[in-house]
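Chemist: What follows is each chain in one-letter form.
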Amino acid sequence: MGQAIAFYTLAALILGFAVLVITAKSAVHSILFLVADFLFVAGMYVLLGAQFLAVIQVVVYAGGIMVLYLFVVMLVNLKRPPEAHQDRRRRGRLGLLFSLVVFAELALIAVYKVASPASLVPPSAPMGPNNVEQVGWLLYTDYLIPFEVASMLLLVAMIGAIVLARREA
Amino acid sequence: MIDLLVLPLIKIVFVLTGVLVTVMYLVLLERKVQAWVQVRLGPMRVGPHGVLQPIADVLKLFIKEDITPVRADKWVYTLAPIIVLVPALIAFAVIPFGPEVSLFGKPVPLYLTDLNIGVLYVVAVASIGIYGIILAGWSSNSKYPLLGGLRSSAQLISYELAVSMTLVAVILASGSLSMVRIVEAQRENGVWFAFVQPLSLFIYFVGGLAETNRAPFDLPEAESELVAGFHTEYSGMRFALFFLAEYANMIVVSAIATTLFFGGWLQPFPNVAALKFLGFVPGWIWFVLKTFVLLYLFLWIRATLPRYRYDQLMRLGWKVLIPLALANILVVAAVKVALTR
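These protein sequences, in sequence, are chains A and B.
This note's numbering numbers the first residue of the first sequence as 1 and each following residue consecutively.
This note's numbering numbers the first residue of the second sequence as 1 and each following residue consecutively.
Treat the hints with care, as some may be off.
The calculated lysine to any residue pairs, modelled on SDA-like cross-linking and capped at a C-alpha distance of 25 Å, are [claimed, not checked]: (1) B:Lys336 with A:Phe71; (2) B:Lys74 with A:Leu155; (3) B:Lys319 with A:Pro146; (4) B:Lys143 with B:Leu41; (5) B:Lys64 with B:Val37; (6) B:Lys319 with A:Ser26; (7) A:Lys25 with B:Ile82; (8) B:Lys64 with B:Glu246; (9) B:Lys74 with A:Leu164; (10) B:Lys143 with A:Phe147; (11) B:Lys319 with A:Ala27; (12) A:Lys25 with B:Glu246; (13) B:Lys319 with A:Leu155; (14) B:Lys143 with A:Phe71; (15) B:Lys319 with A:Val72.
To be clear, the hints were calculated from the coordinates, so they are not data collected in a lab.
Bear in mind the structure is a predicted one, so any value in this text is a computation, not a measurement.
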């Protein structure tokens with residue numbers, strides 16, 4: 001019962017702040033709402049018993065990446081409000097298309113859930129209190145190759161950034 | 001009910017009051033130490049040797065006019081000091097002040113909670129505090145705060161990397177992310193991690209100085225260039241919140257250094273039999289003593305070293321501390337593997 005209340009409160013907060021992110025006039029306010037959103041998502045992880053993921057979510061997304069966003073927004077100094085797209089009708093049509101795609105996706109998930117009973121997907125064993133070790137084990141056994149590929153991707157991005165920054169020198 | 005709600009609440013009230021009072025007197029201690037270093041007397045008027053000075057200061061800050069610049073972003077301007085202060089205070093949730101003691105026949109652990117990811121929690125909380133400083137600089141809509149805020153965010157991001165890497169080295173040595181377990185590991189090894197990993201301690205402390213914006217890394221508020229940096233426009237209680245956060249952060253850095261490197265609540269040299277007689281001193285007193293020695297180091301450094309230039313600061317962070325921290329992790333990991341073989 002308590003868990004359900006916490007879940008729905010968090011879910012409502014996450015959705016509410018997500019709406020605020022795209023409706024806020026100022027880019028800095030958008031970023032602040034997004035940070036708050038990430039914190040609530042971290043709360044959701046805690047609710048699911050994945051404290052390690054929750055903390056990593058805060059460190060990497062809320063604390064790391066969003067600070068860089070804020071940096072960029074402050075440096076480019078968006079004084080004038082972003083202008084709306086010229087063609088209002090085209091905007092409406094695009095919006096309709098996107099919302100239809102999202103609706104189809106949600107409907108598919110719902111149909112799939114109803115069609116396949118829960119027993120088909122075995123419930124994963126609940127992670128123990130010390131899920132740091134479990135995440136580590138999974139990363140270095142079952143998911144070793146994706147893990148290494150992701151690290152290669154980061155390395156490439158890092159080298160790319162250095163090359164771009166050094167071009168003028 | 002009592003274990004779930006009342007006891008933690010009492011502990012939270014105790015810790016918060018303790019931190020706030022410590023901050024007040026830390027400011028007085030700083031003024032006194034600075035004065036003694038410069039062969040002055042320091043505050044002497046309020047109370048004998050100025051011991052009531054902090055109370056006068058707090059009263060003054062309460063009474064002062066609270067100004068919001070006309071062109072400031074009001075919401076963010078109000079929010080920024082809160083974002084700075086709250087992480088500094090909630091970091092105390094995982095700091096173990098002492099082992100379990102028995103009060104009125106009940107075992108009571110002298111920490112709020114023992115998270116199995118305690119060290120990571122501190123890193124996460126510290127990374128949120130950065131927002132307050134950037135936003136304070138930005139929302140004031142004034143040039144010196146903006147420059148101070150940008151400098152500060154760059155500085156904090158750079159030094160956070162080096163500090164986090166030294167924490168990895170400590171975690172490798174102790175085999176746990178829980179603060180309580182790390183102290184226990186130091187007891188089992190019979191030696192403080194400060195002696196096992198002096199390099200980690202050095203990088204952590206230098207990074208800690210930079211993360212708390214303390215001299216010689218107090219560039220975000222370099223008064224000769226930036227007036228007062230990111231909090232130039234703040235006055236009254238809101239300025240006091242920034243002040244409070246800076247000193248609370250110093251206590252956090254010192255308390256974590258005590259926990260990770262100086263054996264937390266353990267007595268000095270827990271494995272030396274000749275020093276066993278020190279066991280009559282309760283653990284939390286050792287903890288407070290060690291934390292204060294480190295805090296004194298903060299003040300001493302401020303009185304001694306001149307401020308770094310901005311490019312020197314960045315060079316030190318990226319070209320010296322981060323490579324050193326990476327090499328440190330490699331060496332610690334190699335030694336650990338070699339020892340467990």
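Chemist: Evaluate each hint against the coordinates.
Modeler: Each hint tested on the structure:
Note on Lys336 of chain B and Phe71 of chain A: the hinted pairing is violated, with a Cα-Cα distance of about 39 Å set against a maximum of 25 Å. A threshold of 25 Å between alpha carbons decides the hint, and for Lys74 of chain B with Leu155 of chain A the separation of about 41 Å lies outside it, so the pair is violated. This hinted pair does not check out: Lys319 of chain B and Pro146 of chain A have alpha carbons roughly 31 Å apart, beyond 25 Å. A threshold of 25 Å between alpha carbons decides the hint, and for Lys143 of chain B with Leu41 of chain B the separation of about 37 Å lies outside it, so the pair is violated.
At most 25 Å may separate the alpha-carbon atoms for a hinted pair to count; Lys64 of chain B and Val37 of chain B exceed this at roughly 31 Å. Of the pairs offered as hints, the one joining Lys319 of chain B and Ser26 of chain A is violated, with about 36 Å between alpha carbons and a cut-off of 25 Å exceeded. Taking the CA atoms of Lys25 of chain A and Ile82 of chain B, the gap is near 23 Å; set against the 25 Å cutoff, the hint holds. In summary, the hint linking Lys64 of chain B to Glu246 of chain B is supported, as the alpha carbons are separated by about 20 Å, within the 25 Å threshold.
Restraint check for Lys74 of chain B and Leu164 of chain A: not satisfied, since their Cα atoms lie roughly 38 Å apart, outside the 25 Å limit. At most 25 Å may separate the alpha-carbon atoms for a hinted pair to count; Lys143 of chain B and Phe147 of chain A exceed this at roughly 44 Å. Restraint check for Lys319 of chain B and Ala27 of chain A: the C-alpha separation of about 33 Å exceeds 25 Å, so the hint is violated. Proposed proximity of Lys25 of chain A and Glu246 of chain B is contradicted: the alpha carbons are some 32 Å apart, above 25 Å.
Under the criterion of a C-alpha separation no larger than 25 Å, the hint pairing Lys319 of chain B with Leu155 of chain A is consistent with the structure, at around 18 Å. Proximity of Lys143 of chain B to Phe71 of chain A is assessed by CA-CA distance (about 15 Å); at most 25 Å being required, the pair is judged to hold. For a cut-off of 25 Å, the pair hint linking Lys319 of chain B to Val72 of chain A stands: about 24 Å separates their Cα positions.
In terms of the numbered hints stated before, the structure departs from hints 1, 2, 3, 4, 5, 6, 9, 10, 11, 12, listed from lowest to highest.
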